[in-house]
Amino acid sequence: MDLKKEERYYQPDELHRWFGISSVLFLASIIIMFANDYIREWKGHQRAFREADVALTRANIESAAVDDAVKTELEAAVATAEAQLAADQSQLDELDSLKTVAEGEFYWANMNFMGTTADLDEARYLLEHGLTERHGEMEARKHFEEVTAKVKLFKLQSEGFQAEIDGYDAETTTLQARHKKASSEMNELLADLSVFERKLLLIDPEAMSMANRVANVMRDLPVLDFLAPSIKIQQIIVNDIRDDVNFAVVPKVDRCTSCHLGIDNTGFADAPQPYTTHPNLDLFIISASSHPMNEFGCTSCHAGRGRGTSFTSAGHMPADAEQAREWEEKYDWEPLAFWEEKMFPAQYSEAGCLKCHASEPTIRGAEKLTLGLTIMEKASCFGCHQIDRFDDWDRRGPNLALVSGKLTKEFAFKWIRNPRSFRHNTWMPAFFNQTNNSSAEDKRRTDTEIHAIVHYLFENSGDVQLPSTVRSGSVSRGQALFESVGCQGCHVIEPEPLAIETDLDRMFQRHGPNLIGMGSKATPEWVYTWIRDPQFYNPDSRMPNLRLTSREAADITAYLTGLTNDRFDGTAAPALNEDALADVAFKWLVKNASEVDAKSRVDEMDLNEQLLFVGKRSILHYGCFSCHNIPGFEDSKPIGTPLTLEGSKPTHNLDFGSVHEIEHTNYNWFEAKLTNPRIFDRDKVKPYDERLRMPNFNLSRTEVEAVTTALLGLAKSNVHADKMADGKMDDLIINRGMTIIKDYNCQGCHIINGQGGQIVDIIGDPNLSPPNLNTQGAKAKSDWLYKFFKSPTTIRPNLAVRMPTFPLADDQWNDIIRAFQFSAGATTTFETPHSSAGKTNSTFVGAYLASKDMGDCAKCHVMAGKNPTNARTDWAPDLALAKDRLRPEWIVDWLRDPQAIMPGTKMPQPFIPSKADVEFEGAEEYFPQAVIRMAGDDEALLESLRDYIYSVGEK
Amino acid sequence: MFDWLKEIINLLSTPSISFTLLAVIIPFVFPPTDWFEKWHRRLGLHHLWSIRGGWGLFGLITAFLVFGFFDENFGKILSKPDNVPIMMLIYFVFFFVWLSMHSAYANDARLARGEKVEEDYGPDEKVLVWPDLVYIELTALVLMTVFLIIWSVGLPAPLEEPANPSLSPNPAKAPWYFLGLQEMLVYFDPWLAGVIFPTFIIVGLMALPYIDDNPKASGYYSFANRRVSIFIFMFGFLALWIFLIVVGTFFRGPNWNFFGPFEEWSIAKVVPLTNVNLSEYVWVKLLRIGLPSHWLVRESVGIIMLLLYFGVIPVVLARGKLRGLVERLGPTSYALIIFLALAMVFLPIKMYLRWTINLKYIIAIPEAFFNI
Amino acid sequence: MAENKKPGFVDSVAKSQIWKSIFRTGIPVTRRQRMMGVLNNVFLHLHPVKLPKHAVKLKYTWCMGGLSFFLFLVLTISGILLMFYYRPTVEYAYTDIMDLSEQVPLGIMREIHRWGAHAMVIAVWLHMFRVFMTGSYKPPREFNWAVGVILLTLTLLLSFTGYLLPWDQLAIWAITVGSNMARATPFLGHEGPGASLLAIGDVNFVTMSSDIRFALLGGRFVGEGALLRFYVLHCVGLPFIVAILMAVHFWRVRKDGGISGPV
Amino acid sequence: MNIEQEESGAASPIKRRRFFSWLTIGWISFSAAAGGFLTMIIRFLFPNVLFEPPQSFKVGFPGDFQINEVDERFKQSQAVWIVRTNDGIYALSTVCTHLGCTPNWLITDSKFKCPCHGSGFRKSGINFEGPAPRPLERYKITLAEDGQIIIDKSVKFQYEKGQWDSPEAFLTV
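Top line first, the protein sequences correspond to chains A, B, C and D. Per the working numbering, the first sequence starts with residue 1, numbered consecutively. Per the working numbering, the second sequence starts with residue 1, numbered consecutively. Per the working numbering, the third sequence starts with residue 1, numbered consecutively. Per the working numbering, the fourth sequence starts with residue 1, numbered consecutively.
Keep in mind that the hints were calculated from the coordinates and are not lab data. Keep in mind that the hints are not guaranteed to be accurate.
When the alpha-carbon atoms are kept at most 30 Å apart in a straight line, the in silico DSBU-like pairs for lysine-lysine are as follows [said to hold, decoys possible]:
1) C:Lys255 with C:Lys59
2) D:Lys153 with A:Lys43
3) A:Lys199 with D:Lys161
4) A:Lys686 with A:Lys591
5) D:Lys153 with A:Lys199
6) A:Lys232 with D:Lys156
7) C:Lys57 with A:Lys5
8) A:Lys649 with B:Lys269
9) D:Lys75 with D:Lys161
10) C:Lys59 with B:Lys126
11) A:Lys330 with B:Lys76
12) D:Lys156 with A:Lys199
13) B:Lys116 with C:Lys59
14) B:Lys269 with B:Lys173
15) A:Lys790 with A:Lys866
16) A:Lys155 with D:Lys161
The structure presented is a predicted model; accordingly, all values stated were derived computationally and were not measured.
Next up, chain A with everything else stripped away, as it sits in the complex (with noise of 0.2 Å):
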């Protein structure tokens, strides 16, 4: 065409080509915009999760089949009662007319009571204003008693017809009551199976109408699915639990079960991820758990990012390299970028647990996480890093003030340069020779700082008096009572390490030190003092008084010196080196002096000011003083970073150096950490003094994996008050007083609340193991108890093994005293003495009940210090005592059922004769009259056995 001619520029066809490229492009765009928009993730898995669904329905239909022969039977029985009513139906269908004209009638009369009592709604109101305003009150009245009246009159219609009604229908339902019996078997009978096949018609489209499975389908279509999803987000709102934007808290908002649909449903049990059931429903998601998922959420616990809706932006974190590889080809998965709270992987997933468990000493259900506060107790972490769980806690290293007079120089240098040598499993530390300090000039300077700091110790040291000699002991004679009096509550021998791994039962057997190579560490004369009183060398000691005697104490002394570790004696620790000595004196002052002052303050200090400058110097630097009472050090403040929250410190505050091995995540860096604590000073030049310190514990795997649980757990929370576990305050009493147990490690000897008492497995039998402690609160006095721990008093004769005398203060005893109270829910403090003066008749009963040929309790119990009849192993407290040791209510509880109580124990379930026992011909010979009067009565006569109980050893 011209263009000219047409004023145009471009030629036509040109522009529409154009036009019709990028038109189809941009419809092409569009349609790509929604499907990308449409096409998600979760809604994958629901589509799956409802085929599954769908085939476990179908599953327990199958299941749910009845017998036929039943059912068969059933049917039969529908069937006659079906026909007898069409014998009736003549009889039914004229009741049914009858009922309509009655029916019509009373929706007459029932219309006009009810609009009439309207009315005389309104009747009344006018009254009342009239009688206020004081005029035509009469007219009212008057108005107001014709509609009464009237309103009476309906309703006495109304009523007629109603009971007219009622009349036809009871003979109705007497007619078809055979009927309708029959079919609610029947309906009995399919119960559950119709409830799974109405399910069914709901999710399996085969199922269903066909109207409905088009709806089936129209419903999840794109543009559609905002008229009546199927398929949609879950998301569950947690208010008093809330996530932390910086500058505000936000309810939680959890969208976990979009994908995760099986997690509250028992039947997919073992039903691949993400559909499978939670692993423990007894303590999680459902409503009868302890934590509902409705009120908690997921992500209070596991963390992540709860908004998420898909696999990376949940924030999932793999267990291990080998996981990660699968996630990312199976959900193209990577660690969520630009979110510091991903989710814990599964072996830290008991971290979440601490943030409202927090002031429990030992969380149920979470081992792991327990194990590792347990190792941070032990190992005292608190020490150096301020933890404000262990605020206050009192140094956990011995107490160095009097060591001169417990150790030679010589083996506090070989000790301290490393302490395994000495010990395979001890507490203590190894600082020196660690990946950062074990060059040669390293050593150099690190032997001269031992050698200072043990001058520095040695000098400050008070002294002890210790007696001159101790009486020669038996080592066989030691050997049998350590095993015996209970030394290994908190005590093991164990030469070489064993192939067990930790776990809190062993942290209980391992409380005290591993007593290997003592000769080698203490003299008699120290070993001896310190077990007879442990408080005598140091007074903060948290060692009990066993109260030896002499000879006792001289058996035992024998014994653990007789152990010796000559590997250990055989090496010789180095002579110190006087011009490294000064080298490190230097290099300290010159830290804060000019080099030449450094230089001359040097030269003019003598040998020993040297030693205790350096010694000084050094433990500062290493905080020994965190653990061992040092004199001089008494307020020196911790030296680690606090680890209160470090939980939530971002990642980037963590260095990890030169490390790139592993993937940059918290909790990587706290296992390599706690494997090697000096390894991010890999390929660092620094000056020794800002090298990494802190000390290698030779933690094992389970134990590195439980303390980094624990740190994953020291996390800030916003948590509301009432969702914390230890809201209340029962709990927090029981708390205060089971970590003063867990301190002194009770549990070694006892099991309390359901653990510990682990020395039974090396004192074999039960009964001659120390009792336990489960229902204390509810069983002992309290006022008897505090008398009891303050001196220890024998209950059961036969047992060994002794109660020892705890250096406690009145109020810690007092804490656990009201800790056993409240765990066991008996929570009064001061109690009317019960007695049994004045009960002769009970008392009698009683009496009769426990006399030989009936319970015959002395068979078992010391009777006011009268030894039992039977074997020694059988022999139970002397019950003398119990007036003054036990609850009279817990007394008749324990008789009534001991097993309850007490699984497992000796105590048989006293003879209590019921009205049957007694009604036989001649039964007086047998009982006496006042048995057989309250015979059947069991209440009445446990008491009377508990009375007599309390008689016993009364003049």
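Starting from the known structure of chain A, arrange chains B, C and D on it as the hints suggest.
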């Protein structure tokens, strides 16, 4: 492999070197004077604006970016969602600079041959708006939409951790289009880099039509007629704006340290920034008599130098080289122009002083927040 | 069959009363219809009826001005939609943005808005570049060039204010860095030269909580106040000014003799 | 008029033939895309998730409710009345079926009275006076594993549809 190449590129892209290169190259690429013109031709730089030259440049840039993508460090930076627009910017700027210069050269050639410029169809050659213009506009919009949608589908918008006032990311960067300013902040105090210079830029741009009194070449692409103005504009636009943005985005890492494209952004990297004030140079390093107590005395040197720079140079120029200009424009607008020009040149000068002698401030009066 | 049916149909539509009532002219086939088409249409008559030939050449215009305007419209629409799901408060800003990608239908609006904004900045620069290279700022178009420069600045400010709204680290720190420059404004910023001169006696009148930055942020640091202010500026304040100036800009294009060209 | 036709006649043959092809495709796909975009904007207005309080909640044990009393504890928080009769418990919606006001429970004349237009409902929820077209709705009420009553507002039962007979509309205790 290619490590040697990466090393070289890293080295070349250090601000001092790369900026110098740019500053040297630009006048040869956009020759403002005959002398440069001569070398421009001699070096065959005019071929850049030929079709082939265009493809050449395009290939070069693409090759570099592709090469960059396969390097783990540079790749990381390039693939940051918010850096994508800058890559587009690079391409677009390159393409349109080329296109404009291409048409300009074409027109210049036509004019040289005494023909009419390409855009010139004479007054009576008119087109109806409907359908042509309307139609191509519509098409353009549709294509733009397509482009936008594809971009949005392909590249999710970034969202980092929740805002946290107590924890600033390293490095903390302004939006990319302000990175030029943030780069200036390295060399100037906020009140200059953040307030005065932007104001100058805006004012300068708005003043442009009044400054540039050259009536020629209005309404068509042409270089020959407006060499100087195009050269200055290119220098400002490419060297002082686009280039600084690129540096700020790609080459500024943790602690605002400079990192070559193929360098790893390690927080550990340490660079000494012991900067010295001019006053210290004079009083301490030179005279060794410590700083005078009164600020006026202390800063006298700097003040004098600046006065010389902004006061004397214009006069000298007015007397000499730019006499013609002064006569044409009159003193006021001349003063304005020369001031803006000097201010613009002041930026590179200061940058060089920093690179060469670690000069911090020419005038440093922290008492009054007055540092230059 | 179809062939002569269809045009018949098209024509009948074009001749129908409804069509005429809306578009006045029929299918713009004839010269007159084409002119009327442009004249009678409120949108199209941004343009003159006739143009010099070079004005329709993409090679000359690059269409950048048009695209800038179009992108402004795109941003307006997507922005309005985003306002349905976004709350400018420190509690919800971040999570709302997060939800745009996690659950909101067509949360992709956010991408369109963000990338559209970047594209607009680039388009505006290139538009300016084109205008410079064709010397189109020369008389009589000096003033419109100035308006353009202001529009450019406003575009940057629009983008800058929007940058804060996701309320993530990127946002808050970009704005902190950016707004700290205001702190150094001579006389108006408390760390700017001359601020200390604006004191009477010992009372300093330009302080951290009274300077220009404070006015911008509604607080001493980037916090709740800043978020709200930036939101208002971004959604209402700046667009309002931009819209007015654009009107001026387009109007002037026509009044200054249409698109520039060789004279 | 005829001029137009003539001209169009002149212009047309060239056009006619080429009219289809790209132009048609162009316009069809353009309007399709534009239409699609509008549909999306409409879809955009319907959120995928709600942040309203959960529809089902626990109200305590059956024992907590007095026989023949209307429990108003959950009126504020959940807009539900819980009524216990001799043979069971049911949950009534507090939304008037007339225009959605919230009626008040008047103990004296034992009825729900709506302040807006005076509709009245009996304790059972049946409407008996005023403009309300139908009885108040009842909600699904069941027992949880732990024996507490769960009320699910997402499931409604309407008397006029005979749904009150369904086992979930009434909790027999």
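Status of each hint after checking the structure:
1. C:Lys255 with C:Lys59: Judged against 30 Å, a Cα distance of about 24 Å means the pair holds.
2. D:Lys153 with A:Lys43: Between lysine 153 (chain D) and lysine 43 (chain A) the Cα gap is close to 26 Å, so the pair holds against 30 Å.
3. A:Lys199 with D:Lys161: Measuring from Cα to Cα gives roughly 23 Å; hence the hint holds.
4. A:Lys686 with A:Lys591: holds (15 Å)
5. D:Lys153 with A:Lys199: holds (20 Å)
6. A:Lys232 with D:Lys156: Holds. Lysine 232 (chain A) to lysine 156 (chain D) sits at ~21 Å (cutoff 30 Å).
7. C:Lys57 with A:Lys5: holds (18 Å)
8. A:Lys649 with B:Lys269: holds (23 Å)
9. D:Lys75 with D:Lys161: holds (25 Å)
10. C:Lys59 with B:Lys126: holds (17 Å)
11. A:Lys330 with B:Lys76: holds (24 Å)
12. D:Lys156 with A:Lys199: holds (19 Å)
13. B:Lys116 with C:Lys59: holds (17 Å)
14. B:Lys269 with B:Lys173: With Cα atoms ~18 Å apart, lysine 269 (chain B) and lysine 173 (chain B) stay inside 30 Å; holds.
15. A:Lys790 with A:Lys866: Roughly 26 Å separates the two Cα atoms, so the pair holds.
16. A:Lys155 with D:Lys161: With Cα atoms ~28 Å apart, lysine 155 (chain A) and lysine 161 (chain D) stay inside 30 Å; holds.
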